[in-house]
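Q: Residue strings, one per chain:
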Amino acid sequence: MKYVFLFFFAFLWYLGFSKDLAHWLFEKNIAKDDYRYGDLYRLSNLAQFRVPVDKCTPTKTHKNPNTSLFLMGDSFTEKERIDSSHFVAQNFKRFFIADTNFIKLNKSQRNILIIETVERHFRERFVKPYENLQLIDNQQFNEKKVQKTFLQDALTYEVPYNTERHESLLFSSDIFLKIKEWKAWLNWKLFNRIDKKVVLSKDNEHILYYLDAQPSGITSCFDNISDKEIHNLVQNVNTTYQTYRKLGFDEVYLSIIPNKTSILASDLGEYNQLIERIQQNKNLKMPYIDIYSNFKNSKEQNYDFGDTHWNCRGKQIWIDEVNHKL
Amino acid sequence: MLFNSLQFIFFFIVVTLAYYSLPHRGRIWLLLLASCYFYAVFKPIYILILFVTIIIDYFAGIWIAQATGSKRKWILVLSLVSNIGFLAYFKYFNFFIENLNSTLFRFGSNTHFDILNIILPIGLSFHTFQAMSYTIEVYRGNQKAEKDFSIYALYVMFYPQLVAGPIERPQNLLWQFHTYFKYDFENIKAGLMRISWGMFKKVVIADRLAMVVDFSYDNPQNHNGLTLLVATLFFTFQIYCDFSGYSDIAIGTARVMGFKLMDNFDAPYFSTSINEFWRRWHISLSSWFRDYLYIPLGGNRVGEFRKYFNLFFVFMMSGLWHGAAWTFIIWGALHGIYLVFAQIRDKYFNFSLSKLPTINKYINLAITFILVMFTWVFFRAKDLSNAKLIFQKMFTVSSYNSIATPFYFNEMIFCWILILILLLKDKFLTNISTQNTPRFYILFTLMLVLCYFLGVFTSNQFIYFQF
Chain A
1 MKYVFLFFFA FLWYLGFSKD LAHWLFEKNI AKDDYRYGDL YRLSNLAQFR
51 VPVDKCTPTK THKNPNTSLF LMGDSFTEKE RIDSSHFVAQ NFKRFFIADT
101 NFIKLNKSQR NILIIETVER HFRERFVKPY ENLQLIDNQQ FNEKKVQKTF
151 LQDALTYEVP YNTERHESLL FSSDIFLKIK EWKAWLNWKL FNRIDKKVVL
201 SKDNEHILYY LDAQPSGITS CFDNISDKEI HNLVQNVNTT YQTYRKLGFD
251 EVYLSIIPNK TSILASDLGE YNQLIERIQQ NKNLKMPYID IYSNFKNSKE
301 QNYDFGDTHW NCRGKQIWID EVNHKL
Chain B
1 MLFNSLQFIF FFIVVTLAYY SLPHRGRIWL LLLASCYFYA VFKPIYILIL
51 FVTIIIDYFA GIWIAQATGS KRKWILVLSL VSNIGFLAYF KYFNFFIENL
101 NSTLFRFGSN THFDILNIIL PIGLSFHTFQ AMSYTIEVYR GNQKAEKDFS
151 IYALYVMFYP QLVAGPIERP QNLLWQFHTY FKYDFENIKA GLMRISWGMF
201 KKVVIADRLA MVVDFSYDNP QNHNGLTLLV ATLFFTFQIY CDFSGYSDIA
251 IGTARVMGFK LMDNFDAPYF STSINEFWRR WHISLSSWFR DYLYIPLGGN
301 RVGEFRKYFN LFFVFMMSGL WHGAAWTFII WGALHGIYLV FAQIRDKYFN
351 FSLSKLPTIN KYINLAITFI LVMFTWVFFR AKDLSNAKLI FQKMFTVSSY
401 NSIATPFYFN EMIFCWILIL ILLLKDKFLT NISTQNTPRF YILFTLMLVL
451 CYFLGVFTSN QFIYFQF
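Which chain is which? The protein sequence lines are A and B, in order.
First residue of the first sequence? That's 1 in the working numbering, and the numbers climb one at a time after it.
First residue of the second sequence? That's 1 in the working numbering, and the numbers climb one at a time after it.
Careful, some of the hints might be misleading.
[To be verified] Calculated cross-link-like contacts (lysine-lysine; reagent style BS3-like; alpha-carbon spacing at most 25 Å):
id : chain 1 : residue 1 : chain 2 : residue 2
1  : B       : Lys260    : A       : Lys2
2  : A       : Lys19     : B       : Lys43
3  : A       : Lys325    : A       : Lys285
4  : B       : Lys382    : A       : Lys196
5  : B       : Lys425    : B       : Lys361
6  : A       : Lys2      : B       : Lys182
7  : A       : Lys63     : A       : Lys325
8  : B       : Lys260    : B       : Lys182
9  : A       : Lys296    : A       : Lys325
10 : A       : Lys296    : A       : Lys107
11 : A       : Lys107    : A       : Lys93
12 : A       : Lys183    : A       : Lys32
These aren't lab readings, by the way, just hints derived from the structure by calculation.
Build the full structure now, drawing on both the sequences and the hints.
A: As structure tokens, this is what we get:
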């Protein structure tokens with residue numbers, strides 16, 4: 001019996017080390033995906049926001065063989081949400097916005113670049129021109145791998161245990177989520193305290209991400225932004241635009257995705273109107289894909305209930321706008 | 001590895017189960033391996049420092065035992081210098097350079113020495129002191145030199161007390177590693193109960209109070225005196241619960257495997273004098289300083305002035321042990337000054353505030369508590385200027401108009417209830433009995449449920465890990 005327990009607990013412990021095993025368990029649905037009710041529910045475990053994230057039905061688009069679309073985007077456009085099937089462009093490449101990437105343009109096609117960023121990170125990202133996409137000749141480009149010495153390896157070695165993954169694997173089933181919900185409920189009702197990374201709207205109907213809902217800070221919707229800063233941001237956007245046009249892109253678009261807070265809970269403070277102030281700035285040279293006004297005027301929900309990201313409807317609005325531009 | 005982490009739960013269960021499945025020699029190697037892993041989770045490379053000190057002190061112990069005359073002394077000095085050398089390099093070098101630079105700057109010099117880009121290895125002060133106590137005790141003849149390298153290595157590395165004590169003595173620990181502890185359910189129950197109580201103190205009390213403390217101490221300029229006073233009071237209990245919680249988990253973890261570590265706390269806030277406080281607070285460290293610094297300096301068998309100097313010096317060193325910062329030095333020095341004044345008072349002005357001994361006791365208890373509480377300001381403040389600001393504000397009673405906290409009323413009340421529970425437990429229930437097994441199961445489960453549902457799992461680190 002002792003050995004059974006020993007191997008059982010050793011196996012449970014091992015789950016925290018193996019990325020591949022974790023991946024396999026998630027893939028086979030043996031372990032539940034802890035994001036299935038949204039990232040904000042995952043953080044807060046507030047039962048009222050336990051709604052499965054929207055599963056979108058694939059759309060069919062007519063491909064335009066002359067267009068290549070390059071997308072520099074954040075989590076709103078990651079591969080679980082957006083793929084090439086959504087766009088009319090024949091070729092589609094997506095890069096994470098914060099990474100430096102090397103690309104090769106196909107001169108025989110129209111090359112379009114979209115820089116997509118969520119509103120809360122716009123100020124940080126455009127504090128200087130955003131120029132981390134560079135051209136290379138694919139045949140000549142060989143990524144230089146930095147050779148690490150044994151000593152450097154030893155100095156920087158870390159035990160490959162991952163707490164977050166381990167916790168997700170072990171405690172994401174519905175039973176454990178229920179227990180987590182009891183704890184969250186107790187803390188909320190007894191102490192009026194919820195997870196630090198979430199904020200509730202005034203009517204408690206919406207759950208929001210703290211970065212954009214907190215009263216101040218560069219990521220906040222309610223942080224006062226001076227006209228001078230707006231001017232600088234626009235200048236940096238323009239420089240970015242010119243840089244990419246010079247690289248050979250036929251067109252470059254900026255797309256600022258509104259924060260959930262800006263749309264659903266702008267009454268939590270004095271909204272700084274960042275998107276409108278950028279998009280309507282008369283000095284802005286980069287064309288933009290606007291969904292803010294659409295989201296703001298929409299009577300339907302464009303965000304997943306327990307998530308910071310858009311739902312299928314919100315996503316489709318953006319895709320339609322992009323395809324329209326393409 | 002943190003005691004209050006998911007990984008530790010599995011680590012502890014697996015190591016304990018494996019421990020009871022092995023013969024004695026296997027257990028030693030298992031515990032060594034487990035301790036290496038436990039330490040390596042923080043920063044694997046730093047385990048080399050441990051290995052080096054272990055090797056030096058292991059051979060130093062044997063050579064001291066074999067040598068005669070002044071040779072023994074020189075070997076001891078060599079061992080102490082190497083231990084203190086590691087401490088000096090990793091913990092105090094940058095502090096020394098920063099102060100040297102600022103002194104040179106004040107005297108108009110442009111000379112500037114670069115500081116080192118190093119991280120303090122976790123628990124360095126603890127295991128270095130434990131290693132030093134071994135060589136000193138061998139030198140004094142109170143402990144035989146340990147011939148078995150694996151057992152000596154385990155003495156320094158034993159994972160429950162590796163990073164934050166209790167700082168053990170070889171006389172108490174080494175023989176236990178030579179003993180084969182049979183499975184004893186009483187030990188398991190006692191150990192698990194101690195762990196659960198330690199965990200409760202850490203995650204329910206300390207980490208909850210920490211939210212108020214951090215809120216106020218991170219920006220003292222934004223808060224009034226009353227807020228800072230409450231935060232200081234909360235920190236007084238936070239640090240106690242944090243550190244004694246750690247010690248309880250360490251002692252409990254060892255107990256489950258049959259080992260008995262020394263107690264580190266004994267209801268310190270019920271002390272009626274500073275002297276008594278230091279017999280009840282961080283006992284393993286204060287007794288270390290008493291035995292290996294205060295007494296060798298002459299203790300109280302010297303002239304009056306020298307005796308006062310010894311006291312002051314030892315406590316200043318105790319402050320410096322905690323951290324390479326003036327705030328810690330002042331914290332230690334203040335305790336030293338308290339003790340010197342107490343001795344002068346006892347010698348020249350021996351008086352009582354009341355004729356009733358009980359009243360006197362409570363007055364002394366309150367005075368001791370307040371004196372200790374104010375020293376914690378230096379311990380917690382970011383720097384000296386912040387500490388000064390906090391004191392200024394705390395003593396400006398006219399600004400006491402409201403309390404700013406990150407909590408709602410209910411949780412503030414809950415904090416006070418927790419403090420009351422803690423004090424009642426300290427006063428009336430030193431040990432939670434585990435002899436009655438059904439009662440143990442109920443209590444243990446209740447403690448785990450309370451820890452989970454009322455625990456705050458955002459600020460994980462134990463305060464004393466930084467030392």
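Q: Against each hint, give a clear statement of whether it holds in the structure.
A: Against the structure, the hints come out as follows:
{"no.": "1", "hint": "B:Lys260 with A:Lys2", "verdict": "24 Å, holds"}
{"no.": "2", "hint": "A:Lys19 with B:Lys43", "verdict": "21 Å, holds"}
{"no.": "3", "hint": "A:Lys325 with A:Lys285", "verdict": "16 Å, holds"}
{"no.": "4", "hint": "B:Lys382 with A:Lys196", "verdict": "23 Å, holds"}
{"no.": "5", "hint": "B:Lys425 with B:Lys361", "verdict": "20 Å, holds"}
{"no.": "6", "hint": "A:Lys2 with B:Lys182", "verdict": "15 Å, holds"}
{"no.": "7", "hint": "A:Lys63 with A:Lys325", "verdict": "14 Å, holds"}
{"no.": "8", "hint": "B:Lys260 with B:Lys182", "verdict": "14 Å, holds"}
{"no.": "9", "hint": "A:Lys296 with A:Lys325", "verdict": "21 Å, holds"}
{"no.": "10", "hint": "A:Lys296 with A:Lys107", "verdict": "39 Å, violated"}
{"no.": "11", "hint": "A:Lys107 with A:Lys93", "verdict": "15 Å, holds"}
{"no.": "12", "hint": "A:Lys183 with A:Lys32", "verdict": "20 Å, holds"}
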